[in-house]
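K.L.:
Based on the hints, put chain B in the right spot on chain A.
There are 2 protein chains.
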Amino acid sequence: MRIARFLTNGNEHYGVVEGDEIKEIAGDIFGDFKVTTRRYLLAKVKLLAPMKPGQIWCPGLNFASHLHVSASATGQSSLPKHPQPWTKGVNSLAGPEDNIVIPKASKGNVHYEGELVAVIGKRCRNVSPAQAMDYVCGYTCGNDVSERDWQKADNSYWRAKGSDTFCPIGPWIETEASPTNVEMIVRVNGKEAQRASAKDMLFDFATIISHISQQVTLQPGDALFSGTTGDTAAMKPGDVVEVEMTGVGVLRNYVKAES
Amino acid sequence: MRIARFLTNGNEHYGVVEGDEIKEIAGDIFGDFKVTTRRYLLAKVKLLAPMKPGQIWCPGLNFASHLHVSASATGQSSLPKHPQPWTKGVNSLAGPEDNIVIPKASKGNVHYEGELVAVIGKRCRNVSPAQAMDYVCGYTCGNDVSERDWQKADNSYWRAKGSDTFCPIGPWIETEASPTNVEMIVRVNGKEAQRASAKDMLFDFATIISHISQQVTLQPGDALFSGTTGDTAAMKPGDVVEVEMTGVGVLRNYVKAES
Numbered sequence: 001m002r003i004a005r006f007l008t009n010g011n012e013h014y015g016v017v018e019g020d021e022i023k024e025i026a027g028d029i030f031g032d033f034k035v036t037t038r039r040y041l042l043a044k045v046k047l048l049a050p051m052k053p054g055q056i057w058c059p060g061l062n063f064a065s066h067l068h069v070s071a072s073a074t075g076q077s078s079l080p081k082h083p084q085p086w087t088k089g090v091n092s093l094a095g096p097e098d099n100i101v102i103p104k105a106s107k108g109n110v111h112y113e114g115e116l117v118a119v120i121g122k123r124c125r126n127v128s129p130a131q132a133m134d135y136v137c138g139y140t141c142g143n144d145v146s147e148r149d150w151q152k153a154d155n156s157y158w159r160a161k162g163s164d165t166f167c168p169i170g171p172w173i174e175t176e177a178s179p180t181n182v183e184m185i186v187r188v189n190g191k192e193a194q195r196a197s198a199k200d201m202l203f204d205f206a207t208i209i210s211h212i213s214q215q216v217t218l219q220p221g222d223a224l225f226s227g228t229t230g231d232t233a234a235m236k237p238g239d240v241v242e243v244e245m246t247g248v249g250v251l252r253n254y255v256k257a258e259s
Numbered sequence: 001m002r003i004a005r006f007l008t009n010g011n012e013h014y015g016v017v018e019g020d021e022i023k024e025i026a027g028d029i030f031g032d033f034k035v036t037t038r039r040y041l042l043a044k045v046k047l048l049a050p051m052k053p054g055q056i057w058c059p060g061l062n063f064a065s066h067l068h069v070s071a072s073a074t075g076q077s078s079l080p081k082h083p084q085p086w087t088k089g090v091n092s093l094a095g096p097e098d099n100i101v102i103p104k105a106s107k108g109n110v111h112y113e114g115e116l117v118a119v120i121g122k123r124c125r126n127v128s129p130a131q132a133m134d135y136v137c138g139y140t141c142g143n144d145v146s147e148r149d150w151q152k153a154d155n156s157y158w159r160a161k162g163s164d165t166f167c168p169i170g171p172w173i174e175t176e177a178s179p180t181n182v183e184m185i186v187r188v189n190g191k192e193a194q195r196a197s198a199k200d201m202l203f204d205f206a207t208i209i210s211h212i213s214q215q216v217t218l219q220p221g222d223a224l225f226s227g228t229t230g231d232t233a234a235m236k237p238g239d240v241v242e243v244e245m246t247g248v249g250v251l252r253n254y255v256k257a258e259s
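Keeping their order, the protein sequence lines are chains A and B.
Per the working numbering, the first sequence starts with residue 1, numbered consecutively.
Per the working numbering, the second sequence starts with residue 1, numbered consecutively.
Isolated chain A (complex conformation) (with noise of 0.2 Å):
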């Protein structure tokens, strides 16, 4: 199943997205819900980021391929032992369809990063890495926009993942997708600029939920980014850039600079 959230005529709802339809909702997508006989086109509403997380996580270097980007970045030198969550600012929420927004005071050296991101359904505090896939609801895009050189100079990654527009997810959540069949493919201006496996993060969902959980309360619609893999390189003003999850969906995000 698809859930989606979407704007209709300036009212927002959540639906089920089946081919060309969406569905509408009726209850909490988390909790007790329908689907109504409530039909709309898809290409006549626009998709709104999928949920509203109350907290975005990121595990911390999680792909081999991706130890040299981090390294110049904040000079990391080796895999990590265990996950090293770290969050990215709701602000920095975007949907698909949407602009990434370079700010005014950034020099440009912003990347793309193509991230599988898992959604948590239940609330989840202290669970073990058996138990913690119970609490994922299912599964979207991400693309976690990053300004290489604040992320480098600054003491955390506030403004440099977190400005506003760096974090666009969507289209939906896929709540049939498992991240060991998913491959992971970013195209900039149609041209395919990384790919790599879900089945390579050096730790799983479960193991930093896991982690995560022994300190901090999850709750649904908190976003669980996977990492990414190998290179990255700079977008520019203009580009459009697509996350493709392998069975999940597409996301599609226009690159602009700040008036």
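Keep in mind the hints are simulated off the structure, nothing from the lab.
Small disclaimer: the values here were computed from a predicted structure and weren't measured.
Just so you know, not all the hints are guaranteed correct.
Given that identical chains are not distinguished, each listed pair holds provided it fits within a single copy or across any two copies.
25 Å max Cα-Cα, derived BS3-like pairs, lysine-lysine [as the list claims (entries may be wrong)]:
hint, residue 1, residue 2
1, K152, K81
2, K122, K104
3, K104, K81
4, K191, K81
5, K46, K199
6, K236, K52
7, K81, K122
P.N.:
Just chain B now, kept in the frame of chain A:
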């Protein structure tokens, strides 16, 4: 005016505290509201954290007297040239009279940090320091609870400062206070443990808000801690910790070990 959030008969309300009474508010405390004629005895209600911040900001090291503590925890050797913002997890929010729970996984090196907290009252982006205070609706007291071993060991503060219950704030939002007049006091079991003046902040709230707002949209209810001062020490289960900001109020919490 002192605006509190409180629980009575299982229902949550906002109200204005006057003497030993609280008068219920109807409407949005960050928009249009009126004070109703419904009154409660303050002693008969449960005060909650006065707002539910979408994000909880801290400025990085912000008092010269705290440099040696920062140096020991994170290797910081000099005063910052500009704010170095980071965020405390919203999962860590707690209210007046709540427990601060030391996680099982901690060896117990969990310190108080008594701080003045500015409350954002209006949506705020790209403001100058001269404009910034127009977006602050008042102040409350905060305890930036900090697990020093994790602060040193981890790449981010996610659990060092973001474990559940590590962010008590309250008891209310005082809309009339001015940081230039606030003495910042911490008492542990009635004995004074910290004392400083908010006027000695390296970067005042106006400067920090302006800095953050260049890349980040701040929202009504977002919290901004002042940073802490001088020396801090570990709290132990059974301790009663009071954070007093003179002219604002007293925030009292109880230290427990996780069961």
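K.L.:
If a hint holds in the structure, say so; if it does not, say that too.
P.N.:
Hints, one by one, checked against the model:
Taking identical chains as interchangeable, the C-alpha atoms of K152 and K81 lie at most 25 Å apart whether they share a chain (22 Å) or sit on different chains (16 Å). Taking identical chains as interchangeable, the C-alpha atoms of K122 and K104 lie at most 25 Å apart only when they sit on different chains, with a minimum of 23 Å there against 39 Å within one chain. Taking identical chains as interchangeable, the C-alpha atoms of K104 and K81 lie at most 25 Å apart only when they sit on different chains, with a minimum of 20 Å there against 37 Å within one chain. Taking the closest pair of Cα atoms, K191 and K81 never come within 25 Å of each other, the shortest separation being 35 Å inside a single copy and 41 Å across copies.
Proximity of K46 to K199 under the C-alpha cut-off of 25 Å is found in neither arrangement, the shortest distances being 32 Å within a copy and 48 Å between copies. For a Cα distance limit of 25 Å, the shortest separation of K236 from K52 qualifies neither inside one copy, at 27 Å, nor across copies, at 37 Å. Taking the closest pair of Cα atoms, K81 and K122 never come within 25 Å of each other, the shortest separation being 27 Å inside a single copy and 42 Å across copies.
In summary, the structure is inconsistent with hints 4, 5, 6, 7 from the numbered list given earlier, while agreeing with the others.
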